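S.K.: Below are the chains, spelled out letter by letter.
Protein chains: 2
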Amino acid sequence: MSGYNEENGDGMPVYATPEEAEAAFYAAFQYADIDAMMGVWDAGNAIICIHPMGMALRGRAAVEASWRQIFEGGGKLLFELECASRYRDERLAAHCVHENIRYGAQFDQRSLVIATNVYTLTENGWRMVLHHGSPGVVATVSDETRALH
Amino acid sequence: MSGYNEENGDGMPVYATPEEAEAAFYAAFQYADIDAMMGVWDAGNAIICIHPMGMALRGRAAVEASWRQIFEGGGKLLFELECASRYRDERLAAHCVHENIRYGAQFDQRSLVIATNVYTLTENGWRMVLHHGSPGVVATVSDETRALH
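As given, the protein sequences belong to chains A and B, one line each in that order. Position one of the first sequence corresponds to residue 4 (this note's numbering), numbered consecutively onward. Position one of the second sequence corresponds to residue 4 (this note's numbering), numbered consecutively onward.
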């Protein structure tokens, strides 16, 4: 955990708002930076990460292992984010975002992921406690509700 | 909107905790009760509902239309819920739950949905503002992270 402008004693960056934490999350994702990624997540073990079509991973060890695998295996991704909704309280925030992802050698392939991100205000600023990503589709209501639920 | 023990002036039930609102949400889902379902959701339009493999539906009209379609088309479902994690502030709460669903004529078919549910404290008690469901799988970390992200 180094290379940051440290703003507190533990070498972790401090995010003053959920929006700053979210920007850092997607920057770490885009640059496949595991230290930056894990610096965005809450330091405690009550964290949950759900990758699209994946199970709910609980705790820092499982979450970090999943990001390491993604970063080691994947090519570069470019994110365009679209905020769907934000909910905010004093110490808790939930955002729903559309991740418009471009990838491939020419960044000519596209994917949409819908993500719900939850952040909590810690003594070291806002940190992510939950990331829930799922495959996004462009569908009519009748299309999408053919599924079980 | 009737048939409830009304606890406030607008005929809507009042949920004293996010847990009560969540229980009401799954009861409405299980009994395919559209009035009860929409009574759980916040009365405002800043609500988001993402059904598994579906797009993000915004606002009460779109959310209600999706539940009507699900309730009209579907058979009876039985839910067993498993709490994965809960985050709570004064006026905002986020829950991650595993929905173990049994369905079919003999309830012998099973499905797992992972859901993130967000609730807000309104003047009429706790209401749902976001439901994000996605297909759950039993997978190893290596399986799940073969996906794009």
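Treat the hints with care, as some may be off.
As the list claims (entries may be wrong) - Which chain A residues face chain B? A few, computed with CB under 8 Å, are given here: (1) Met15; (2) Val17; (3) Thr20; (4) Ala59; (5) Leu81; (6) Glu93; (7) Thr125.
None of these hints come from the bench; they were simulated from the model. In this text the structure is predicted, and so the values were computed from the model without any measurement. Here a beta-carbon is modelled for each residue, glycine too, at the ideal position from N, C-alpha and C.
S.K.: List, from low to high, the hint numbers that the structure doesn't satisfy.
M.R.: Those not satisfied are hints 1, 2, 3, 5 and 7.
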